[in-house]
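Peer 1: Given the sequences, and given the hints that come with them, work out the whole structure.
Chains as they are written, first to last, in our numbering: chain S, 1 to 363; chain Z, 1 to 275; chain E, 1 to 269.
Worth flagging that the hints you see were computed from the coordinates, not collected in a lab. In this text, all values refer to a predicted model and were calculated from it rather than measured experimentally. For every residue, glycine included, the Cβ atom is placed at its ideal position computed from N, Cα and C.
Examples of chain E residues toward chain S, derived with CB under 8 Å:
| id | residue |
| --- | --- |
| 1 | Ser37 |
| 2 | Leu38 |
| 3 | Thr39 |
| 4 | His40 |
| 5 | Thr57 |
| 6 | Leu118 |
| 7 | Lys128 |
| 8 | Phe207 |
| 9 | Gly210 |
| 10 | Gly212 |
| 11 | Gln214 |
| 12 | Ile218 |
| 13 | Thr222 |
| 14 | Arg226 |
| 15 | Ile227 |
Derived SDA-like pairs (lysine to any residue); straight-line CA-CA distance at most 20 Å:
| id | chain 1 | residue 1 | chain 2 | residue 2 |
| --- | --- | --- | --- | --- |
| 16 | S | Lys359 | Z | Arg63 |
| 17 | S | Lys363 | Z | Leu61 |
| 18 | S | Lys277 | S | Asp111 |
| 19 | E | Lys89 | E | Asn159 |
| 20 | S | Lys351 | S | Ser181 |
| 21 | S | Lys359 | Z | Ala46 |
| 22 | S | Lys351 | S | Asp200 |
| 23 | S | Lys363 | Z | Arg50 |
| 24 | S | Lys351 | Z | Ala37 |
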Amino acid sequence: MKHRWLSAILGGTLLLSLLAGCGGPGTEFDGTNKSSGNSDTLKIYNWGEYTGEDLIDNFEEEYDCHVIMEYFDSNEMMYTKISAGDSYDVLIPSDYMIERLMKENYLQPLDKEIITNIDLLADDCRGLDYDPENTYSIPYFWGSVGIVYNKNTVSRDDLEREGWNILTDTKYAGRLYLYDSERDSFMMALKALGYSMNTDNEDEINAAYEWLCNVNDTMQPVYVTDEIIDNMINGIKDIGIVYSGDAAYILSENPDMGYYCPDQGTNIWSDAMVIPKNASNPELANLFINYVLTYDASMDNTETVGYTSSNADVMADAYGEGGIYEGNEAYIPRSGCEKDEVFRDNEVLRKKLSELWIKVKAK
Amino acid sequence: MKQFRSMAYPYVAWISVLIVIPMLLIIAYAFTVEGTAFFQGQFTLANFARFFSDAVFIQVLLRSLRVAILTTIVCLLLGYPAAYAIARAGKRSTFLILVITLPTWINMLVRTYAWVGILQDDGLLNHLLGLFGIGPLQMMYTDFAVVLGMVYNFLPFMILEIHTSLSKMDPSFLEAASDLGANRTQAFLRVTLPMSVPGIVSGITLVFLPAVSSFFIPKLLGGGQYVLIGNVIESQFLTSGNWSFGSALSLIMAIIIMLSMFLTRRLDRNRGIDV
Amino acid sequence: MKKKKFPLTRVILAAVIAFFYLPIVYTVVFSFNSSRSLTHFSGFSLRWYEKMFSSSTTMNAIWMTFVVAILATILSTIIGTITVIGLSKCSRPLRSAVGMINDLPIMNPDIVTAIGLLMFFATMEISKGFVTLLLAHVAFCTPYVMLSITPRLRTLDPNLADAALDLGANPWQALWHAIIPQLMPGIVSGALIAFTMSFDDFVISYFVTGNGVQNISILVYTMSKRINPSINAISTLVIVIITAVLILFNLIPMIRDRAMARRKKEETA
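Peer 2: Set out below in structure tokens:
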């Protein structure tokens, strides 16, 4: 009895796998495009769930091509695959990683003759420190890092007076989430101490380490990543370190929450589109970058994902009357604060942080 | 039966290519200066020195071993009776095995997120406890949550392995034992348990080995501060980009675990013979 | 002997099954959540199912996951069974060497196996995609299969095959009719574990695949901060598919038995 049962399973699976060999829905086992007549294929390597709902479909239709999208979850994951020689047409990494890719000669200059929409970029995210002329990169989304706090239980005065040091204020012990990322945590620590977040001075880095250890020892923080969004929406704790795009979503779901960027300065981050040297279809890649900059595509992106658009008009409209983030204080990254900085690729800091961060948490 | 011997050779070739060569690359990295590729030939012992010179890494390793051992014990205590009941279920045992396995085909991340929702401060379990006037209890970000998540993930393997060795047992053995005057407990200790030792050892292997190096469950249910060796290794590769130290860590871990597995198998060999 | 109708072991089994299915039920319920949250239910909605069915990337990934898992399970089960039988006739040093090497992929954090394979494929300049994905899956599934079969083989009477040979069977008949059936429970649990490992693998798959070939886990894990109940919808669909297949396989032999019984009746009548 048992045996017949098993042979049925085996037979069935064999049949299934035969079927599989003949192709399922979509039939893209090797990524070659069999369905459309045009042989143009664009391979994009992007963060998961980071594009507008219809953007890819519309682009495929308009340029009669086929888009393959693969995803990453951290810049380093992406870097690992790129350094192993994988080829893509468009990547969308973050600031410091773009600088590293530039330094290590992985990128090719953009074709400004094709990317005419570059004029639509918001001033504040144009020509950022890592790529002053936008030679290699065009911002996709951008934002800041700040503190999401419960307006009913955390006093705005404390926030404004203490800035990042509110994380050492034992009044709020046990009520805070930290973001489990070495870069962002050391950023707050360095800023709280009045240093540059791109420092390579060992004393400053060690002081930041002490600051974080102090937070860890006295404040019972919980280090989370993605869950912070849900948890802050549900008001489980009162203070959380959050990216502005996620903060905008939290604020729109829970009106009790507010967003604050300390005057001590913060990280202005950006994820930008670049074309690797080994891209197989650079022309289409340039066309894609130009397409993303258009009003419609950028609007689709910001509406679906909720992060701040790099297109000036879209940014204004999403924040303005009738926009999805009407009057949301986290949507528009502040400009003009001199202490705000952009992450740079800095090998000394990178090594030091990886060494120290584990020690902060594992104590 | 020498003709069967050759059946093992293709696999020996296969693992040489797909397991041994990649592992040798990792070993090469463990001895390489941080930030350089191994073929640049800058070798060092600094990665190992760093591990042993800092108490924090040893603490992390000990904590990982503790959690893994705890998980293995709980899995054994729950898994053995469950497997025993399945083996006793006669015709329905195949069905029960599938019932046990089905949940493992749901993505681990999705299942673990479900546990987050259940154990959260304002989650399902605390709501239920609230009905009885208990709580709310802080369960997230505790040892309890991490071990629970690990047991949830690895228990099916323990049950499968133990069931495999129990299911071949002939009921007539037990009858013979009771004919010879053994009571149920004696029959179990003298007949059933020794016969299932190989299954227990396989089960322990399948729970303990992946539990030591798991990183996702502690990260989600224990929070970022719940650092286990798997998290350190993962972050060396995926966030710090320090392949050399990550490789050295995994090598140290591998050696320690190999030793403990070697001892476990000795136990199996000794117990296995007197069956 | 029969006074205990529900012995403790059965109570534990029932509790274990309840424990296994609680999060599954939770997952299914949240696939109907109207908000983006995975932990707080705010209303009934089918939006995540719409999203899933309208995304060809998602549907392709589900398909790919099943294809790879099924092929990897079949291949690794066959390879594992053959090897275990072969190894049992080999010298002890070789056996323990293979055993130790087999422990490596089980014990190493996935990322280590993944980086090893990534470097290996990069050095060999093998283009990444379906083939590399399948190879990697077979590579890390086979040790699990072998681990499951070995204990059964160890308790097998070593003279079984010889007895079959003495009775006039050729070696392959002896293998197929005498040894394999004895190993069957081990083979089955090995295959089940292999399927699980392949179906649920993220890290290794991520680094050995390319050219748009993705499985469910890759989609789910890279969803990152914008995680939403569409992963619950995917899981629910997977549960439905697997349950349907299992019911089907349960029913076919049953229907056939009935039909045969009826025919027999008619013949005798």
